[in-house]
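Generate the whole structure from the sequences, applying the supplied hints.
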Amino acid sequence: ANKNQTSLRTVTVGGQVTNCTTISTSGTYTQMNAINMTNYGGSCITITASDVVYNGQNYLLAGPTNGPTNEQPAMTVQYARNVTLVNLNVTADNACAGSCFGYGIYLTYLNLSTVANSSVGASLTGMDLNYVTNMTFYNISFRNSNVDEELATTNSTFTFLDFYNGRIDLDAGGINNLFT
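Our numbering numbers the first residue of the sequence shown as 1 and each following residue consecutively.
Just so you know, the hints here were simulated from the structure itself, not pulled from any lab data. Remember, predicted model here, so these are calculated numbers, not experimental data. Every residue gets a Cβ at the ideal spot worked out from N, C-alpha and C, and that includes glycine. Incorrect hints may have been included.
What the hints assert, rightly or not - Distance ranges between label pairs, derived from CB positions:
#, residue 1, residue 2, range
1, T159, T18, 29 to 37 Å
2, Q16, T157, 29 to 37 Å
3, T25, Y109, 16 to 24 Å
4, Y138, S50, 16 to 24 Å
5, T157, Y109, 16 to 24 Å
6, T157, T18, 19 to 27 Å
7, T25, N87, 31 to 39 Å
8, T157, N19, 14 to 22 Å
In structure tokens, the structure reads:
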């Protein structure tokens, strides 16, 4: 006799990150070493999938060591939800005299996500926020960098942000945000 059976199966998608890449599949990703951005074609790490955990393990994610200063970010997260970024160490390479990429972390059209236990430094804008909602920013150190909230950051919580020679710029449309 034939029987209908069901079973629960778990599929783990994700992996180890060892160089610049685009993450377009949900899963848990772990940075395994320092990554030095060497090209000028866009972000070193780009996340376009929802339901992603990215653990930088405090390894350096460095800007390029030569070339023009422009607005390319070291990390971009866009058009996603439920993304967790932890233990990031994003900075420009010392050979750049402190500012080789325009943004450390660029977040755009992001919802229900978290950035925690991270440091961002030596970029024109440490973190750029555009149309992010229901976010949690916790225990982030900004060294010689700013947080630029440009458009419509709403219902987000900013806790334990540490600024050394930096600031938060609140521009247009930010509402219902909590700073503690």
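Going through the hints against the structure:
{"no.": "1", "hint": "T159 x T18: 29 to 37 Å", "result": "holds (31 Å)"}
{"no.": "2", "hint": "Q16 x T157: 29 to 37 Å", "result": "holds (31 Å)"}
{"no.": "3", "hint": "T25 x Y109: 16 to 24 Å", "result": "holds (18 Å)"}
{"no.": "4", "hint": "Y138 x S50: 16 to 24 Å", "result": "holds (20 Å)"}
{"no.": "5", "hint": "T157 x Y109: 16 to 24 Å", "result": "holds (19 Å)"}
{"no.": "6", "hint": "T157 x T18: 19 to 27 Å", "result": "violated (33 Å)"}
{"no.": "7", "hint": "T25 x N87: 31 to 39 Å", "result": "violated (21 Å)"}
{"no.": "8", "hint": "T157 x N19: 14 to 22 Å", "result": "violated (33 Å)"}
Hint compliance for this structure: hints 6, 7 and 8 are broken, all remaining hints hold.
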